[in-house]
Amino acid sequence: MTYFAKPKLLRPDTPKNALGYTRRDYEGAISSLCAGCGHDSISAAVVQACFDLDIQPHRVAKLSGIGCSSKTPDYFLGNSHGFNTTHGRMPSVLTGAALANRDLIYLGVSGDGDSASIGIGQFAHAMRRGVDMTYLVENNGVYGLTKGQFSATADKGSKNKRGVVNTDSPIDLVALALQLGATYVARSFSGDKEQLIPLIKGALRHRGPAFIDVISPCVTFNNHAGSTKSYDYVREHNDAVNRLDFILPRDQIEASYAPGELRRVVQHDGSILLLRKVKTDYDPSDRVGAMNHLQERHALGEIVTGLLFVDSASESMHRHLNTVEKPLNQLHDAYLCPGNHALAALNASLR
Amino acid sequence: MKSDTSPKIAQRCNDFVIKFANVNGSGSASANELFARAVMRMGVPIAPRNIFPSNIQGMPTWYELRVSGAGWLGRRGGCDLMVAMNPQTWDRDIAEISPGGYLLYDSTKTLPRSRFRSDVVVLGLPFTEMCNNEYSDPRQRLLFKNIMYVGALTALLDMEFAVVERLIAEQYRGKDKLIGANINALKIGYDAAKEALPCPIGLHVERANGVGDKIFINGNNACGLGAVYGGATVAAWYPITPSTPVIEAFSSYCRKYRTDPDNGKARYAVVQAEDELASIGMVIGAAWNGARAFTATSGPGISLMQEFFGLAYFAEVPVVVFDVQRGGPSTGMPTRTQQSDLISCAYASHGDTKHVMLFPEDPYECFTLGAQAFDLAERLQTPVFILLDLDIGMNDSLCKPFDWDDQRRYDRGKVMSAAELEAGKNFGRYLDVDGDGIPWRTIPGTHPTKGAFFSRGTTRNAYAKYSEAGTDYVYNMERLRRKFETAKKLVPEPVVQRAAQPTRYGAIYYGSTSPAMAEAFAQLNEQGIPVDLMRVRAFPFSDTIIDFIAEHDYVFVVEQNESGQLRMLLLTEGEVDPKKLLRVLHYDGTPITASFISGRIAAALDAHKVTPIRKVAS
Chain A
2 MTYFAKPKLL
12 RPDTPKNALG
22 YTRRDYEGAI
32 SSLCAGCGHD
42 SISAAVVQAC
52 FDLDIQPHRV
62 AKLSGIGCSS
72 KTPDYFLGNS
82 HGFNTTHGRM
92 PSVLTGAALA
102 NRDLIYLGVS
112 GDGDSASIGI
122 GQFAHAMRRG
132 VDMTYLVENN
142 GVYGLTKGQF
152 SATADKGSKN
162 KRGVVNTDSP
172 IDLVALALQL
182 GATYVARSFS
192 GDKEQLIPLI
202 KGALRHRGPA
212 FIDVISPCVT
222 FNNHAGSTKS
232 YDYVREHNDA
242 VNRLDFILPR
252 DQIEASYAPG
262 ELRRVVQHDG
272 SILLLRKVKT
282 DYDPSDRVGA
292 MNHLQERHAL
302 GEIVTGLLFV
312 DSASESMHRH
322 LNTVEKPLNQ
332 LHDAYLCPGN
342 HALAALNASL
352 R
Chain B
797 MKSDTSPKIA
807 QRCNDFVIKF
817 ANVNGSGSAS
827 ANELFARAVM
837 RMGVPIAPRN
847 IFPSNIQGMP
857 TWYELRVSGA
867 GWLGRRGGCD
877 LMVAMNPQTW
887 DRDIAEISPG
897 GYLLYDSTKT
907 LPRSRFRSDV
917 VVLGLPFTEM
927 CNNEYSDPRQ
937 RLLFKNIMYV
947 GALTALLDME
957 FAVVERLIAE
967 QYRGKDKLIG
977 ANINALKIGY
987 DAAKEALPCP
997 IGLHVERANG
1007 VGDKIFINGN
1017 NACGLGAVYG
1027 GATVAAWYPI
1037 TPSTPVIEAF
1047 SSYCRKYRTD
1057 PDNGKARYAV
1067 VQAEDELASI
1077 GMVIGAAWNG
1087 ARAFTATSGP
1097 GISLMQEFFG
1107 LAYFAEVPVV
1117 VFDVQRGGPS
1127 TGMPTRTQQS
1137 DLISCAYASH
1147 GDTKHVMLFP
1157 EDPYECFTLG
1167 AQAFDLAERL
1177 QTPVFILLDL
1187 DIGMNDSLCK
1197 PFDWDDQRRY
1207 DRGKVMSAAE
1217 LEAGKNFGRY
1227 LDVDGDGIPW
1237 RTIPGTHPTK
1247 GAFFSRGTTR
1257 NAYAKYSEAG
1267 TDYVYNMERL
1277 RRKFETAKKL
1287 VPEPVVQRAA
1297 QPTRYGAIYY
1307 GSTSPAMAEA
1317 FAQLNEQGIP
1327 VDLMRVRAFP
1337 FSDTIIDFIA
1347 EHDYVFVVEQ
1357 NESGQLRMLL
1367 LTEGEVDPKK
1377 LLRVLHYDGT
1387 PITASFISGR
1397 IAAALDAHKV
1407 TPIRKVAS
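Chain order of the listed sequences is A and B. In the working numbering, each number is its position in the first sequence, counted from 1, plus 1. In the working numbering, each number is its position in the second sequence, counted from 1, plus 796.
Possibly wrong hints are sitting among the right ones.
[Unchecked claim] Computed list of lysine-lysine pairs in DSSO-like fashion (alpha-carbon distance at most 27 Å, straight line):
#	chain 1	residue 1	chain 2	residue 2
1	A	Lys-327	B	Lys-1210
2	A	Lys-327	B	Lys-1261
3	B	Lys-1221	B	Lys-1261
4	B	Lys-1261	A	Lys-148
[As the list claims (entries may be wrong)] Partner residues are not named here, just some residues of chain A that face chain B (Cβ under 10 Å, in silico):
#	residue
5	Pro-58
6	Pro-74
7	Gly-79
8	His-82
9	Phe-84
10	Pro-92
11	Leu-95
12	Thr-96
13	Ala-98
14	Ser-118
15	Gly-122
16	Met-318
17	Leu-322
18	Leu-337
19	Leu-344
20	Ala-349
[Claimed, not checked] Label pairs and their computed distance ranges (CB to CB):
#	chain 1	residue 1	chain 2	residue 2	range
21	B	Glu-1281	A	Gly-122	37 to 47 Å
22	B	Leu-1227	A	Asn-18	24 to 34 Å
23	B	Tyr-1269	A	Pro-16	39 to 49 Å
24	B	Lys-971	A	Ala-345	20 to 30 Å
FYI, nobody ran anything at the bench for these hints, they're computed from the structure. Note that this is a predicted model, so its numbers are computed, not measured. Where is the CB? At the ideal position from N, CA and C, for every residue including glycine.
In isolation and in its complexed conformation, chain B is listed as follows (with noise of 0.2 Å):
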């Protein structure tokens, strides 16, 4: 603010950010999520992010949704409505509304004026009390206070009242009397406002067509599904956040897609395992036996499976990991996010160890990437990490929807079957016979006599025969070295966004830094400061991004890790000149925003045409 001492009222149709502060285990969600369905509901594009604790019941928790009619799905920042439902964290909640702002809270119990702000518009309703009339029972109590509120911001955003109606009956089809209750809280929440406040406030949705054929969904469930059309039949896995749900929804899917018509039998396996050792080294024994196989983990298991990474790379067996990246290193931030295992997953394991990794920006591509893995890692032979984080995985987001072409037929990669062995086809498990440094294999049980071989970590000659000769070991390394460039030609190419004029800086990121990405690009356009964008989708990277960095004089390399571990492999793997690459790197466990970026890198340019002032000063 400048001089004006009372700040501007906010003015916004279908472009603000509302923030729920809750406690956690009290039913908040559903309700943020009804609310969040609403607004899509009307045609208009939304973005809600999960703030939340390693926590079951009683810590606070935060619903950030932001609401873009110009379809902008990154974190945008601030607050324009604060809904405050948790006194532990009032005083913080109030301090980050932004000026202007508007707080709705439980005006129950009476609150010195002190613990308001004057700069921001301020609505009470007496929730608890308007529960406690409704309802004798205190679970009751405690969830139809979530519902009232969503009635309430209903009126004061002037919402369609029926929109909402309807989702509730959709949700509880089937279940009358849940439904009736509901609406009646949410009536109760409506009327309320309608009578005690001033509905509408400046902040309002308005029906609009921004949403289109978009489906939402969150990366972990697009991921489970991934891997169901990917061909999936064995996962192994043990519980941990942020990936536990990749697996909750394979299993789910599996039901209802995989369960045998005839006789109810499953055509699949799930097995929880006693660790993640245990769960990648199931993942490699049923890959090694011609399953397709995966397990789902997070940073901390990423670390202790690294010894089995290094089996399954060196005995070439075709596994996939999907690594939804949480806050590190150590326990780190268990639910906040972050792009930081980056450097892990490339060279995991002792030795010397390249892996395969796809990086998705939204479900969209944990879909597509997810059942695309599976083929690459049977093509290749060898691991595919795919690497989302937290914000994909647990937010629920606006996508492209899902499509899958029938023609389609797995690529299960170089396999001898039998007849080829009874043919005399010559078979030497580590033999490069096609010049991709791909080798055959035979999956267990083919032939009686013919392509047995021993599988090992140790080193072995081309026919799998244990050998340390260094003739041996050199063949085999030079040959995975091809593998490894058979790879770029495989992996997703990169996706270029060009500025509207020619221009010497260009932008790499890679993920869930897309949506913030695209927002920022507009903006600099509007500054009139021109970039270039590549958006990474794949570790071996392909010779096009070598390029487009020679192609510019700098080129930021935006991430969400401390190190810039993106640019420290770009500069490893590319042998790019390490002046050229520019850091931009946000890492304090909440999802990148726009104006980061864009600020960054203005400042960056800034900073940058006065440097050789500065040089000849000195």
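Next up, chain A with everything else stripped away, as it sits in the complex (with noise of 0.2 Å):
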């Protein structure tokens, strides 16, 4: 296929963040995914979100594994480094990259295949790990790229487009997320981007591994009567427990909101995650009461969203491993060789 650059023309009242960057200055290549694909509008949420967080677009890498959502990469962030890796190996790639540069933001993008399948092993331990990551799954129950099977997402009991009926449960990431380790765990849906935006930009400035399911219908073999991941379900079933507002540590918070159907959650670096409750009793700090309320719903065929989980006290992978403040990959020669001198005494010692 033709590979298409996208014009760089600006108009003069294009909106600039703090940093001086347009919004295009955070797109990438022309999307070849098809028409009304909902990859495509989590793509343009990664934009807005960066553009918005005032985020260098060089300090984030963005990782893949293979297939649909896999692409999408390329067609976000164009001044990053992006890594589109092997069919559900993103998550170590990552795990390496991480190991390597610890000051760079790391934005892992996956599918249901590519994560709930081939990859199944390698998301869990990533979530166990810590790793300081934002993991997207553009979930929509479907292999797309290879016509229409199903994914291990797929929900029993729903019907392919040519009506054949998924007889195998459904793995939910999310529950998996939860029960692993992860400590900022979210579904959001790809159609609605007032959700979904806030849960990208609170992921991005947590600490420690941040899961988010998008639920992101694909329109050319999910989007029929009897798919339980079609635009029409999911707006359907949508049962969000909250509404996520981020605010960046140097904002003032303009918006009043009555007492008591707030919560606030101050994450690491003093971002402020507002949560405003749709459900009065939900308690997004409770892991346990999470993972039960997932599966309540999920038995009456709701699609629970919002942010379900996080854990203002995170850590990350580098505080388990104890390494240096300074990136490994900057560390000079000197920092990394004993010389010749240490190897005189560790000589005698071998005799």
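Work from the hints to combine the two standalone chains into their complex.
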């Protein structure tokens, strides 16, 4: 296929962020996905979130596996390094990248085939390991590039385009992420950018593994009646527990909220997650409660969305490894090589 | 033996093989090593080999120690003195003793005459009874039995007691109680042998000057040290025999040398991954992001990592892989040695791939080539495999002391800096600007608006943009081929040893075959069979290797695998006439011996001489 570069023409009144960048500076190549694909909305949400957060584009490393979702990092953050790895193996490559340089922001993009089937092992272990990253799954319940096979997140009983009913039980990556130790867990919908953008912002500023499962309908293979991942189905069954407003430490909280309907979570870097409660009894700091709620609502056919769990005292992999503050990829020879005199002593001990 | 029915009792000074038959997990390993080190401290070269099962406790294990005043470090084969401490393997251990050899055993329980051999000298001491008299704790009874037989051997072989005593004092420095207890056990064994047995026996150790400044270490530890000196900061791995100690050594040397003195923080990261796929994935991620990174594994891990090797090759990510080879295929012989991963590493992954391989001969080269691998990987932006094997990796061996040139700086290869990008230097990730096939790369996070690129396993044009255009694909593949040609000039050259006189015959070998080959060379010279030697140290093959083959009528390719994998590579890559390359293959899982090599070469040359006559006759 041909590679299209986006035209760089700008209008003089184009808004700029604190760094002087426009949204265009956070965009990538033109998408090659189907018109109306939910994934493109997610890419747009990533662009908006990075623009709003005044992130230096080159301070993000974006990594993905294989599949429709994994193509998307080419379509946003064109000034960031990206790595389209092998199928289901993005988490390990991202983990390695994060080991090498703790100062960059790591954004992993995956799909339901990539993370729930071939890559479920790496998905699980990256969550366990506390990798400092935002892990987005663009979940459409179907294999698009190979023309419409069910994926492991497809609900039991849902129908494919030809009317075949899925008989296998679904894997809920949100439930797994909660169980495996992710410290920021959310679900959203590609058709609801008001919900999605703040969730991505909160994740990008979270320390430790932040996981967002984004239901992202496949317009070509999984948007029909009988599918539980279609635009219509998700809109009808979207059961949000809260709505998030993400607030940078420097910003004043201007909106006024009635007392009792708000929950405020301060992250390690001072950023604030303001949660407007939709379910008054839902507590996003209760991991077990989140898991229970998820299962209960799923049994009723509902899709629970919102910020389901956040641990404001989260830690990251580098803390566990006790690595130096300076990124490992920037350590000079003299900090790495013990030199010849150390060998003389070692040799003496080996005789 | 000819007609003589009573075999000659072995009389050998500083030249024999002693074998310890033990039970795994009984604490014998440290006692056996203590004995070996005592011989070494007396200035006599030693070559020990662990023969152990894939088991934690209870299975038979052997420690075979070659004592060689002449300095031959290859496995010799045979056994002049068996220390038979494992009743389970008694019969086969007794059968293995060379005629005229010796047997040292635990005589606490009386055994019928039929269980012994008449052609070996039987030396019995009641070790169990001696321990039971001395100790009440069952664990001590078990552990000190080992030290007691070391004491008995010290007397039997006429060794210096003070040397063993000093080694114990060094080993338990600061733990006086343990020193005293061990020396006591040593003395009990020593005195018992002096009293009850004819000391010294025909085998003995005499102080010599054959060790010099050599050091005694195994290849796995040396690889770990090489990775420290090579500047590796990220290691990701999954446990597998026999490569696990590479990472353990790296971690341990890092704790010693890479802990920040100011705050105790680590200038390295070691992550135990969930499997081999994840470990190589992490290594690729770290290397892509500009850290020197490696993994260590063995054959099954190499199989699991195949897809990722293809990605690293095609996306051009500099990774380093230590492959400590064991017996294959499949789970094969996990605790036995082989050189059988050459093909699976050379062409790892689907599509047209080729990888750089290095073949260290001993711990010294595990260190030097291990460190050099990181420079090569970054210079060439490709995976580099260091292929050692279980024999080098897990057995302590005498080798040259380690050294390092403090003036040396790491070669980070072609990395474009922010200043160069700012100055407007043309950056095309896969553009061959220098004609050597090696493109320039940028490290993520370098520049806000310049030099970012999207790495992928799919085809791309020279500017890293997705492309399936045939011209882009061919440009890239031709560049990769040029890069591999460049690699030929950068990898270590082979080492040649010429026979005393000009000869039509050559032999090519590599890796752990080295000590046996050196000894075979001497044996062949004695038999009047001159053979020129070439030790191959790397793939791709430099032109000198192909020239060496051209210079000789026949070249033996000596390997420790069943199919002749180096020979296959020489045929494919060197376009050599297959008839010229004669296989000498040893692959039963034990290390190759000099007598095997010289025997096969001599026999082949004999057979070769008669071939034309046979042809006429038929």
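Consistency of the hints with the structure:
no. : hint                               : verdict
1   : A/Lys-327 / B/Lys-1210             : holds, 23 Å
2   : A/Lys-327 / B/Lys-1261             : violated, 32 Å
3   : B/Lys-1221 / B/Lys-1261            : holds, 18 Å
4   : B/Lys-1261 / A/Lys-148             : holds, 25 Å
5   : Pro-58                             : holds, 7 Å
6   : Pro-74                             : holds, 7 Å
7   : Gly-79                             : holds, 7 Å
8   : His-82                             : holds, 4 Å
9   : Phe-84                             : holds, 4 Å
10  : Pro-92                             : holds, 8 Å
11  : Leu-95                             : holds, 6 Å
12  : Thr-96                             : holds, 5 Å
13  : Ala-98                             : holds, 4 Å
14  : Ser-118                            : violated, 14 Å
15  : Gly-122                            : holds, 6 Å
16  : Met-318                            : holds, 8 Å
17  : Leu-322                            : holds, 5 Å
18  : Leu-337                            : holds, 4 Å
19  : Leu-344                            : holds, 5 Å
20  : Ala-349                            : holds, 9 Å
21  : B/Glu-1281 / A/Gly-122: 37 to 47 Å : holds, 39 Å
22  : B/Leu-1227 / A/Asn-18: 24 to 34 Å  : holds, 33 Å
23  : B/Tyr-1269 / A/Pro-16: 39 to 49 Å  : holds, 41 Å
24  : B/Lys-971 / A/Ala-345: 20 to 30 Å  : holds, 26 Å
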